[in-house]
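J.: We have chain X; now place chain E onto it with these hints.
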Amino acid sequence: MTLATPTGSYATARANLAAMLAASSTFQEWVGADDATEAAAHIHLSAAPGPENGECYSKIELDALLPMAVVWTKAFLTRPDSAVGSLAAYARGSDLVVELVGQVDPATETVPAECGRLFDNVVGGIVGDLEASNGTPGFLAWRQIAIAEEPERGPIQEIPTRGDLWRLQMVVSWMGL
Amino acid sequence: MATRFDADFAAVAGDALAAFGESVTLTPPVGAAVTVTALLGAERTEEVFVADGARLIRRRTVAVDAADAEPGRGWLVTIAGEAWTVVSTEHADGSWIRVAVERPETTEISREGYRRRS
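For the record, the sequence lines run as chains X and E.
Position one of the first sequence corresponds to residue 1 (the working numbering), numbered consecutively onward.
Position one of the second sequence corresponds to residue 1001 (the working numbering), numbered consecutively onward.
Don't read these hints as lab results, they were simulated from the structure.
Even glycine gets a Cβ: it sits at the ideal position worked out from N, Cα and C.
Do not rely on the hints blindly, as some may be mistaken.
[Unchecked claim] Sample of chain X residues lacking proximity to chain E, with all beta carbon distances greater than 10 Å (derived):
| hint | residue |
| --- | --- |
| 1 | L3 |
| 2 | A64 |
| 3 | E109 |
[Said to hold, decoys possible] Computed footprint of chain X on chain E; a stretch qualifies when at least three of its residues, placed anywhere within it, have a C-beta under 8 Å from a C-beta of chain X:
| hint | stretch |
| --- | --- |
| 4 | 1052-1065 |
| 5 | 1097-1106 |
The shape of chain E in the complex, shown without the other chains:
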């Protein structure tokens, strides 16, 4: 159920996008890519060790106007030339969609257990 805040925020969403948004390209698993203005969340990183080495997992959120696109799991979001994968939808109220995106980057290719985990 939409709250008063949702209604108020929807009324100023266009201004928020214009002031704080950045241009990103959304690419669905099937179909054409679209370029929209999105609100980008702060980036967080985590180092993880996997069977064949280590990864730096970069995570952030991307919020878009649902009228522009409705991204979901499996979509790609290209931000400043870097492709990020949508892993989940955090919020969708009909007017805004906020998704969590990840970009795993390889820091090491090795046998399992090559480095002791601290």
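Isolated chain X, as found in the complex:
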């Protein structure tokens, strides 16, 4: 489904970050996409499309969705721009979260260091791509990317239905579009 055109900085910032992520060559390779358009299908705003039966995802549905990123707004602010000194201009910014969710390579599932290293390499590659494209027109001009915690691996009892998954959150902070 084609989404409505984002208007206003609240929606535009998230859309620009999603476009930036889709353009990342590391992200494209990770999700098995040939280009940014294909990669964009693996980026979801706030939530992924629900299961077809309306209740629970089948393993086939999950395998088609993953790997993926969920992009959401953690906090947004706007305030009169003190540099201008009037109410004619506003400084805006937000903290956007990129949540990466991907499968553990089955060949490395019993070697935590190696399966972790492979995911770390994806994370590092995406960060490098976001650095390289920072401020490009149509993308976000961010001022900080923060990763507060190491990737989290899913519970063992979810492996039969959901797979063995990695999950990581990075917070991309911007000020001004």
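T.: Just chain E now, with coordinates in the frame of chain X:
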């Protein structure tokens, strides 16, 4: 210590399995799977919200003759093609083993707090 009930029940266990049991496959973390007849408890479900969405946790118990297999935490029990994970042993008296199994199913993948919890 085995009770009189345990002894009496053990004597009719084979008949109970034949009458009420269902075929399941038990897969240990390491080693070969075995197919046995088990007594299945009623299924219960609970919706839980986690950091990356929501799950429907399905739970039930599975009781098997200890002579057939001795499942424990981490084993998989395949019932009608669905894999369930053993999360605890509820009862083991040498003749019967009853384990609790879970099957978490993903109902939503989203940011934390996407839906207000009722």
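J.: Taking the hints in turn, state whether each one holds.
T.: So, going through the hints one by one against the coordinates:
Residue-level check passed: L3/X sits 16 Å from the nearest beta carbon of chain E, beyond 10 Å. Every CB of chain E is more than 10 Å from the CB of A64/X (nearest about 12 Å), matching its label as outside the interface. For E109/X, the condition that its CB be more than 10 Å from all CB atoms of chain E holds, with the nearest at approximately 12 Å. Note: the stretch 1052-1065 of chain E has 4 residues with beta-carbon separation from chain X under 8 Å; the three-residue rule is met and the coverage holds.
Check result for the stretch 1097-1106 of chain E against chain X: holds, 5 residues qualifying (beta carbon to beta carbon below 8 Å, three or more required).
When held up to the earlier numbered hints, the structure conflicts with none and fits them all.
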